[in-house]
Each structure stands twice: as structure tokens, then as C-alpha cells.
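S.K.: Sequence:
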Amino acid sequence: MDSDDEVLIDWRSVPLPKRGEKEFEPDGSDVQQGSLSEAVEAMFSALGFPRGHSLRQHVEAVWIGDRSVVPFPKGNYFRDMGSAGDKGILQLDAVETIYLCERGSLTVLLGDDQFQQELETTKSAEKFRQVDTTRLPACDLAELYAASGVDIDEYQIYAYLKRLGYLVRRWNITNTETTPKVSYNPPWWQYFTRFTSYYKLFASLSRPQVDDFSTQPPPSPQGFAVWKPTPNFRKSDPPPPHYHVVCVSAHDPFPTLESVHSLAQVSPGVPPRPQKPGRKLRRAPNNPMVAYNQARDSKIRMGHSPTVYAVNSDGIINIVTLGVGDFELINEPELEEMFPGRFHGIMVRN
Numbered sequence: 001m002d003s004d005d006e007v008l009i010d011w012r013s014v015p016l017p018k019r020g021e022k023e024f025e026p027d028g029s030d031v032q033q034g035s036l037s038e039a040v041e042a043m044f045s046a047l048g049f050p051r052g053h054s055l056r057q058h059v060e061a062v063w064i065g066d067r068s069v070v071p072f073p074k075g076n077y078f079r080d081m082g083s084a085g086d087k088g089i090l091q092l093d094a095v096e097t098i099y100l101c102e103r104g105s106l107t108v109l110l111g112d113d114q115f116q117q118e119l120e121t122t123k124s125a126e127k128f129r130q131v132d133t134t135r136l137p138a139c140d141l142a143e144l145y146a147a148s149g150v151d152i153d154e155y156q157i158y159a160y161l162k163r164l165g166y167l168v169r170r171w172n173i174t175n176t177e178t179t180p181k182v183s184y185n186p187p188w189w190q191y192f193t194r195f196t197s198y199y200k201l202f203a204s205l206s207r208p209q210v211d212d213f214s215t216q217p218p219p220s221p222q223g224f225a226v227w228k229p230t231p232n233f234r235k236s237d238p239p240p241p242h243y244h245v246v247c248v249s250a251h252d253p254f255p256t257l258e259s260v261h262s263l264a265q266v267s268p269g270v271p272p273r274p275q276k277p278g279r280k281l282r283r284a285p286n287n288p289m290v291a292y293n294q295a296r297d298s299k300i301r302m303g304h305s306p307t308v309y310a311v312n313s314d315g316i317i318n319i320v321t322l323g324v325g326d327f328e329l330i331n332e333p334e335l336e337e338m339f340p341g342r343f344h345g346i347m348v349r350n
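Take 1 as the starting number for the sequence shown in the numbering used here and just add one per residue.
Please note: incorrect hints may appear among the correct ones.
[To be verified] Calculated pairs, BS3-like style, for lysine-lysine (alpha carbon to alpha carbon, straight line, at most 27 angstroms):
1. Lys74 to Lys235
2. Lys74 to Lys228
3. Lys299 to Lys228
[To be verified] If you anchor each label on the Cβ, the simulated ranges turn out as follows:
4. Asn172 to Ser313: 42 to 52 angstroms
5. Ile316 to Ala39: 19 to 29 angstroms
6. Pro340 to Ser298: 13 to 23 angstroms
7. Asp30 to Ser298: 57 to 67 angstroms
8. Arg56 to Asp151: 26 to 36 angstroms
I should point out that these hints are in silico values taken from the structure, not numbers from a laboratory.
All C-beta atoms, glycine included, are put in the ideal place defined by N, C-alpha and C.
Take the sequences, apply the hints, and build the full model.
M.R.: What follows is the structure, encoded as C-alpha cells:
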């Protein structure tokens, strides 16, 4: 795209077209068929419009193996994307490459033997030649993406989180610390005397006892570390993530109970939703006991170490939060500030 064509259109001045009544079922009329044909033609006309890049923000990447190399990165896209290679050259994995290519921020080129040799011999990205290789269209890039072994559910969840404005980095669950092995099978004779009191009922719903430590790594599902928009975010030294999102496909079996507890040990949980001071004061009840019960019930309902699961069902993504029940509430500064020295739980473990 030439510099003369870099004219930003103010879409706010363009009025939205008026929509008619929606067609719920075919009625066999020519009027309905004509309106549907016009709508389909307008959709394909919009999709077929050529996509251009701004010369100031135009970025090229070279696909090599299962990732792409960006010799000259530009823009703010890479503050939470990519990683530095052996010589400080930015590298993008398959998920990040496809996302930037689909949104029109990246042009992907196919690396040749000459570029591969230059990549191994050069000392810095500034000495790279101007890349002049085959440009990959989106369809060919999708084939390379499928050949790299990346799950499509993982990419759709990544793109969904990025479009919502979050900062997303890959979370390698298999490299986390060893987690305690949890026992769930009591002796057979305990089933007959298990729920003879309210205490035993709540005890069965509470956090399981930790018996010993296992050398087995956490389960295999992939996930992402997610941060809310942060102005001073640095991927070289990131702060603790706000969420750990586990990618799950609706067509695969859901993670087992042991997997859920193992992931809860390494997940930071879900931070409380912040409220504006004015709104909090208006909604605060006059009775301190009512405020205390609301705060305590909220902590019991959320549980301990909640973990976020993103379930992808053919492109439709649902967010599910699973937590471990905690009915003791021993170390709760918020409740202790309201009523110091009081037992805040609803049961005591033996």
C-alpha cells in the first residue's frame, strides 16, 4: 500500500444501515429470496475486499519449522507476544503467528535455505537482508499451522482472550512444581456411617486431606497465563498472572477430579472483582452482621484456589470456574477485621 493511500476513514460519520425484520423461516416468496440474496452478496463483497497494511506498522515474519522469525518487529503487539531467540531475534510460535496474520498485522513469508543459513551466521537482526521469499496466503499458513501439531481449540481460546483485551502468555502446565497427591477412597465401612451428622456432611465436601507428595506431573491440558491490561507490563519480568486459564475441548473428556485438584495447587485463583468506593458505600448494609454474613457466604461459595477452565465447543467458548470447598475460613483477614477473634467457618476439622 502506497503512502498516498494511507488515509484513515472516520467510521463514526458513516450511519449504520437500517435493518428490516428478521427472516425466521422460508416462506417461498420472491421478496424474501431477493433480500436474502442481497444480504449474502453484501457479506461476500465485504469479505472479498483486499486487506492492506500501513507502511509504518507493516511487519514481516519468516516461517521456519514450527515457528516464525520477526527480524524487524514494530508496534505494541509484541509486548506480551513472542520470545527472544539465541541472538535476540524475536520468535513467534504458531498460535501467535496465526493470530497476528488473521487480524491483518503480520505478513508471513516462507523461509528458504539462504535465509536459514543467514539466520545461523548473522550476529544481530540489524544485519539481516531484506527478505524476499514466497508470501504465504492464509490458507497455506493454516496448513503449516496444522502440521505444527497445535490444537485448533487452543488457538481459538487464545484469540478469544486476546480480542477481549487481555495479555496472554503460554502457561506450560507440565513444567509446574510437583503437587500433593490426594486420597479420595475411604475404607468401605465408612460409607455406612458417613453422613450421620452435619459435621460429617460438611467435612466430606471440604478440602481433601493431603497424604503424601507424588512425582507425577500435573495433567496434560494446555493453558495460558492471563493478565488484565497493564500499562507497564514486561514479558521479560511479568508480574503474577491474574488468571490461569486451562484449555478444554467439549469433545474430549473433562479433566478428572485429581487433575482439578492438581491444577488448583499451582493456580493463583480468581482475584476479587474490584468495586468503586462510591458504589460500595451505597450498597453496604447498615447492619454489620449482614455485611459479615454476605462476605463469609461469598468466600464459602467461591471456595479455595478457584481455577478457570475455557471449554471450546466448535468455536463457542464458555468459561467455567471450579474451586475446592473451604468451610473452615481460618486465615481470612477481611472477616477477622469485621469480628476479631471469632470463628468464621461452619465446621472444624478433626
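S.K.: None of the hints should be skipped; say for each whether it holds.
M.R.: Cross-check of the supplied hints:
1. Lys74 to Lys235: 16 angstroms, holds
2. Lys74 to Lys228: 22 angstroms, holds
3. Lys299 to Lys228: 22 angstroms, holds
4. Asn172 to Ser313: 42 to 52 angstroms: 25 angstroms, violated
5. Ile316 to Ala39: 19 to 29 angstroms: 23 angstroms, holds
6. Pro340 to Ser298: 13 to 23 angstroms: 20 angstroms, holds
7. Asp30 to Ser298: 57 to 67 angstroms: 59 angstroms, holds
8. Arg56 to Asp151: 26 to 36 angstroms: 35 angstroms, holds
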